[in-house]
Amino acid sequence: MNPIVLFFHKTGSPPWFYRFSGYLIPWLWAIFLVITAIALYLGFFHAPVDYQQGATVRIMYLHVPAAWMSMMIYGLMAIMGFIALVWRIRIMEVLVIASAPVGAAFTMMALMTGSLWGRPMWGTYWVWDARLTSELVLLFLYFGVIALYNSFDEPRKAARAASLMSIVGAINLPIIYFSVEWWNTLHQGSSFGGDGPGIHPDMLLPLLLMAISTKFFYGANLLSRARLILLKQDHRKRWVQDLLSQEKH
Amino acid sequence: MSKQATGTAFGALLRRDFLLAYRRRAELLQPLVFLMVVTTLFPLGVGPSPQLLANIAPGVIWIAALLASVLSLDSLFRSDFEDGTLEQMVLSGQSLALIALARIVAHWLVAGLPIVLLSPLLAMWMNLPDEGLPILIESLVIGTPILSLIGAIGGALTVSLKRGGQLLSLLVFPLYVPLLILATSAVGAAVVDLPYTGQLGLMVSGLIVALTLAPFATAAALKLSLS
Amino acid sequence: MPNNSYMLSVSELSFERYFDRVFEPVSFELAAGSLLLVTGSNGCGKTTMLRVLAGLLEPSEGKIHCQEQPLYAGHNPAIKDDLSVEENIMFWMNFMGTRESVRDKELCKRVIREIGLTPVTLQEGRTLSAGQRKRCSLARLLFCDEALWLLDEPYSNLDREGIVMLDGIVRNHLESGGACIMTTHGSLRPEGFELQECHLVSGRERYAGAAA
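Residue numbers (the numbering used here), protein chains in the order written: chain V, 61 to 309; chain F, 532 to 758; chain H, 126 to 337.
Isolated chain V (complex conformation) (with noise of 0.2 angstroms):
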């Protein structure tokens, strides 16, 4: 067998999956906690405040990066979606539903710290901008996803609704991304946040770091969830009861 084909097997089994997973698992969250904290730190000390906005600004290093992450997740469940259902991988099927819910958190986290920052700017805790319309639209996009989960008994049939959920919701997406957009200048929405007259360098470097640590943040959530799916999923299994026992001795 060559070794590419030998590479999916193993990465396949549960068992060896639970493993290497849990030797990642603290790295991640260690790049994380340390690129968040430079970044953090750049942002809330180093960088300017806004001309217009004064210190508020700096919610945008939390719903920028949330938001990009919301949407880049929902992609990602596309992508695994749609080897789970071309090829049957379970680990993958496991990753999307795995997913599900970290998208979800990021898109609400994108809404309220939209919704507050937009407060001192309007007035009021929330304007139909296009930005916030979307996330709303893409939350119940998740909403939708985690819900036909749930309704399915079978795990794995239900892992494969979820996956053709999300491929369906994904390739819509940008469409309704543009949509919204549209309908935005058509009703005179107030908009904000980045897109102003170029973003001032001081402010990008912790943009940019922020992105990359929410991306070691979803990758330790998410290798996580799926450990404890798979613990879940194969409790009946030798692996497992071997693992269980391990732990009490």
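Mixed in with the good hints, there may be bad ones.
As the list claims (entries may be wrong) - Examples of chain F residues toward chain H, derived with CB under 7 angstroms: (1) ARG554; (2) ASP614; (3) THR616; (4) SER758.
Claimed, not checked - Computed cross-link-like contacts, DSSO-like style, restricted to lysine-lysine with a CA-CA straight-line distance of at most 27 angstroms: (5) H:LYS188 with V:LYS217; (6) V:LYS292 with F:LYS693; (7) H:LYS234 with H:LYS205; (8) F:LYS693 with V:LYS217; (9) V:LYS275 with V:LYS292; (10) H:LYS205 with H:LYS230; (11) F:LYS754 with H:LYS188; (12) H:LYS205 with F:LYS754; (13) V:LYS217 with F:LYS754; (14) F:LYS534 with H:LYS234; (15) F:LYS693 with H:LYS205; (16) V:LYS297 with H:LYS188; (17) H:LYS205 with F:LYS534; (18) F:LYS754 with F:LYS693; (19) F:LYS534 with H:LYS230.
Hints were generated in silico from the structure; no laboratory data involved. Using N, Cα and C, we set each Cβ at its ideal position, and we do this for glycine too.
Chain V is fixed; fit chains F and H onto it per the hints.
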């Protein structure tokens, strides 16, 4: 095994669907009544001011059409799924995407087209200016098939679930957002004499994309539901 | 090893649900003219195995080597309540019968006569009894020309005449070179045939004695 010609099978399926719809023609009225009731709720809820109603007319009529459409989507595949017809169709060797398309076409003719025919009545109730009516009808003619096509994917995914109907709405409404935005903007533009052909053109391209992709997604979802 | 003279050959076939095998792996080969009886207790996966063989489910282990798509007659009779027996059968003839059967009303009447449903030809599906539904669902055996049949508990609900009728249909099929796989949970077995048997063992029996 000599398979039946695709056209023959497609035709047989359509004929069967029309026969079934005819046998249960009383039930076909339900989504239409729903459509009328929902539309009348708006003047009752927001007040009968003619200007206000005219302003929200395109949105209200389209949202009501959306809701009525989703109501009839749950039963798109359910009956065939439950009595074993669907699995026989899957095994027949005919293209499942084509089978799904046949069902969707029959569904639109029986559930979507009536919405189009009912729209002048709704337009009158919502005080839509006369300039808007032709565009409203056009937008519905282009848009209701898209509702059926995208909705069929949701219907196929939820057909094996006991209470699939509610979930179906949740799955499908976010996907309808672009259509809603384009359609209502087209009608709204027509009313104030602004250009609307762009929106309609985009809707037509959306219809073509949906026609090519949705049957395959629906077929995949049906195979999944049967497993 | 797939052998071309066999219509169907199955090796270490199994299917998983909830991450457990539904039935223990089975292997067998089916030659033309043979009848395979799949036996096993209730819930041991006979229907599931048949659906895997039909192609509705993907096996999680093992291999199937099948010369062509089999005909599957499952528990659900695939009859529309709102259509008459004749309309139901005509639809299936036009949808998945042989090329020659398209719109052939004469053939439809002959099929209905052979399954013994002539008295109820024009009656709607919802008014049929369980036995009549079963007969109607077996009609497809008469106008499809698949060589391999997969019949899930075909004798259930049939009266004595129905059983004799089915035996006759299956015998004809085997004699003209077809093959058939039937499931039964024991009490009803085809009489007067040379049978191959395959006994399914439920996967869950493995856990019967395991510690919680």
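**Study point:** Violated constraints from the hint list, given by number and in increasing order
**Key:** none
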